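Peer 1: Sequence:
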Amino acid sequence: MMKIFKLREKLSLVAVYLLSCKHSVAEDLKKRIWPQDYLYSDIHLYSFSDLENVISGVLEKKLNALIKFTINHVENCKLCLQKGFICELCSAKKIIYPFQVDVADRCHDCGAVYHIKCFKGVECPKCIRKAKYASQRKSNLPLE
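Heads up: the sequence shown begins at -12 in my numbering, then just goes up one per residue.
The hints are simulated quantities; they were obtained by calculation from the structure and are not laboratory data.
These numbers were taken from a predicted model, which means no experiment stands behind them.
Just to be clear, a hint being listed does not mean it is correct.
[As the list claims (entries may be wrong)] In silico BS3-like links for lysine-lysine, alpha-carbon gap of 27 Å or less:
id: 1; residue 1: Lys(-7); residue 2: Lys48
id: 2; residue 1: Lys125; residue 2: Lys107
id: 3; residue 1: Lys70; residue 2: Lys81
id: 4; residue 1: Lys18; residue 2: Lys55
id: 5; residue 1: Lys80; residue 2: Lys55
id: 6; residue 1: Lys18; residue 2: Lys65
id: 7; residue 1: Lys113; residue 2: Lys81
id: 8; residue 1: Lys117; residue 2: Lys(-7)
id: 9; residue 1: Lys49; residue 2: Lys(-7)
id: 10; residue 1: Lys81; residue 2: Lys125
id: 11; residue 1: Lys104; residue 2: Lys80
id: 12; residue 1: Lys55; residue 2: Lys81
id: 13; residue 1: Lys18; residue 2: Lys(-10)
id: 14; residue 1: Lys65; residue 2: Lys(-10)
id: 15; residue 1: Lys17; residue 2: Lys(-7)
id: 16; residue 1: Lys48; residue 2: Lys18
id: 17; residue 1: Lys49; residue 2: Lys9
id: 18; residue 1: Lys49; residue 2: Lys107
id: 19; residue 1: Lys55; residue 2: Lys113
id: 20; residue 1: Lys104; residue 2: Lys70
id: 21; residue 1: Lys(-7); residue 2: Lys104
id: 22; residue 1: Lys(-10); residue 2: Lys107
id: 23; residue 1: Lys80; residue 2: Lys107
id: 24; residue 1: Lys17; residue 2: Lys49
id: 25; residue 1: Lys117; residue 2: Lys80
id: 26; residue 1: Lys70; residue 2: Lys18
id: 27; residue 1: Lys107; residue 2: Lys81
id: 28; residue 1: Lys48; residue 2: Lys80
id: 29; residue 1: Lys49; residue 2: Lys80
id: 30; residue 1: Lys17; residue 2: Lys65
id: 31; residue 1: Lys65; residue 2: Lys9
id: 32; residue 1: Lys(-10); residue 2: Lys17
id: 33; residue 1: Lys(-10); residue 2: Lys55
id: 34; residue 1: Lys80; residue 2: Lys17
id: 35; residue 1: Lys70; residue 2: Lys119
Model the full structure from these sequences, guided by the hints.
Peer 2: Here you go:
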């Protein structure tokens, strides 16, 4: 069940890219997954049929096929490619994406993406900047 959850989590992360891309691609994803759009939109929801398909392996195959389709689109779409992240902690040139769950991790507060190995035990640089900016704005407010 944990494997299925991880696949659904990954599908949820990559589906965001397709749903914000060209209209036809979003529609294609919706057609492929309908009537089970909850597989990416509500990753904790399962139908009885889904639970049966977990046992038979059908759901895992379906999720893997959907993930392959979505990642293939992101890797070949000029618009989606530009929505990747560069790890601020190591400044590696290779773009990373939140759906690359084996190498990337997200800040739970701001959503910034970093390499897992870089983000272990450190504070999010983006959150630090935002907090610093907010405190500077507060201190610069005029007195009434």
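Peer 1: Determine for every hint whether it applies to the structure shown.
Peer 2: Hints versus structure:
A threshold of 27 Å between alpha carbons decides the hint, and for Lys(-7) with Lys48 the separation of about 13 Å falls inside it, so the pair holds. Restraint check: the Cα-Cα separation between Lys125 and Lys107 comes to about 31 Å, which exceeds 27 Å; the hinted pair is violated. Distance check on the hinted pair: Lys70 and Lys81 sit about 13 Å apart at the alpha-carbon level, within 27 Å; holds. A distance of roughly 16 Å separates the Cα atoms of Lys18 and Lys55; the hinted pair therefore holds under the 27 Å criterion.
This hinted pair checks out: Lys80 and Lys55 have alpha carbons roughly 24 Å apart, not beyond 27 Å. A distance of roughly 23 Å separates the Cα atoms of Lys18 and Lys65; the hinted pair therefore holds under the 27 Å criterion. Note on Lys113 and Lys81: the hinted pairing holds, with a Cα-Cα distance of about 19 Å set against a maximum of 27 Å. Distance restraint check for Lys117 and Lys(-7): the Cα-Cα separation of roughly 30 Å exceeds the 27 Å cut-off, and the hinted pair is therefore not satisfied.
For the hint pairing Lys49 with Lys(-7), the CA-to-CA distance comes to about 14 Å; that is within 27 Å, so the pair holds. As the CA atoms of Lys81 and Lys125 are separated by approximately 37 Å, the hinted pair breaks the 27 Å bound. Restraint check for Lys104 and Lys80: satisfied, since their Cα atoms lie roughly 16 Å apart, inside the 27 Å limit. Distance hint between Lys55 and Lys81 is fulfilled; the C-alpha atoms sit about 20 Å from each other, no more than 27 Å.
This hinted pair checks out: Lys18 and Lys(-10) have alpha carbons roughly 24 Å apart, not beyond 27 Å. The straight-line distance between the Cα atoms of Lys65 and Lys(-10) is roughly 31 Å, outside the 27 Å bound, and the hint therefore fails. Distance check on the hinted pair: Lys17 and Lys(-7) sit about 20 Å apart at the alpha-carbon level, within 27 Å; holds. The straight-line distance between the Cα atoms of Lys48 and Lys18 is roughly 17 Å, inside the 27 Å bound, and the hint therefore holds.
Straight-line distance between C-alpha atoms of Lys49 and Lys9 comes to about 23 Å, which keeps the hinted pair within the 27 Å bound. Pair hint Lys49 plus Lys107 does not hold up; C-alpha atoms about 32 Å apart against a cutoff of 27 Å. Simply put, Lys55 and Lys113 have alpha-carbon atoms about 31 Å apart, too far for the 27 Å limit, and the pair is violated. Between Lys104 and Lys70, the direct Cα distance comes to roughly 21 Å. Compliance with the 27 Å bound is thereby established for this hinted pair.
For a cut-off of 27 Å, the pair hint linking Lys(-7) to Lys104 stands: about 19 Å separates their Cα positions. Straight-line distance between C-alpha atoms of Lys(-10) and Lys107 comes to about 23 Å, which keeps the hinted pair within the 27 Å bound. Only pairs whose Cα atoms come within 27 Å are accepted, and Lys80 paired with Lys107 is accepted, the gap being roughly 20 Å. Distance restraint check for Lys17 and Lys49: the Cα-Cα separation of roughly 14 Å lies within the 27 Å cut-off, and the hinted pair is therefore satisfied.
At most 27 Å may separate the alpha-carbon atoms for a hinted pair to count; Lys117 and Lys80 meet this at roughly 24 Å. Restraint check for Lys70 and Lys18: the C-alpha separation of about 24 Å stays at or below 27 Å, so the hint holds. Using a Cα cut-off of 27 Å, the hinted pair Lys107 and Lys81 holds, with the two alpha carbons roughly 19 Å apart. Among the hinted pairs, Lys48 with Lys80 is inconsistent with the structure: their alpha-carbon atoms are about 33 Å apart, more than 27 Å.
Proposed proximity of Lys49 and Lys80 is contradicted: the alpha carbons are some 33 Å apart, above 27 Å. The suggested pairing of Lys17 with Lys65 holds, with an alpha-carbon distance near 21 Å, which does not exceed 27 Å. With a C-alpha separation of about 11 Å, the suggested pair Lys65 and Lys9 falls inside the 27 Å cut-off, and the hint holds. Restraint check for Lys(-10) and Lys17: the C-alpha separation of about 23 Å stays at or below 27 Å, so the hint holds.
As the CA atoms of Lys(-10) and Lys55 are separated by approximately 16 Å, the hinted pair is consistent with the 27 Å bound. Proposed proximity of Lys80 and Lys17 is contradicted: the alpha carbons are some 33 Å apart, above 27 Å. With a C-alpha separation of about 26 Å, the suggested pairing of Lys70 with Lys119 holds against the 27 Å cut-off.
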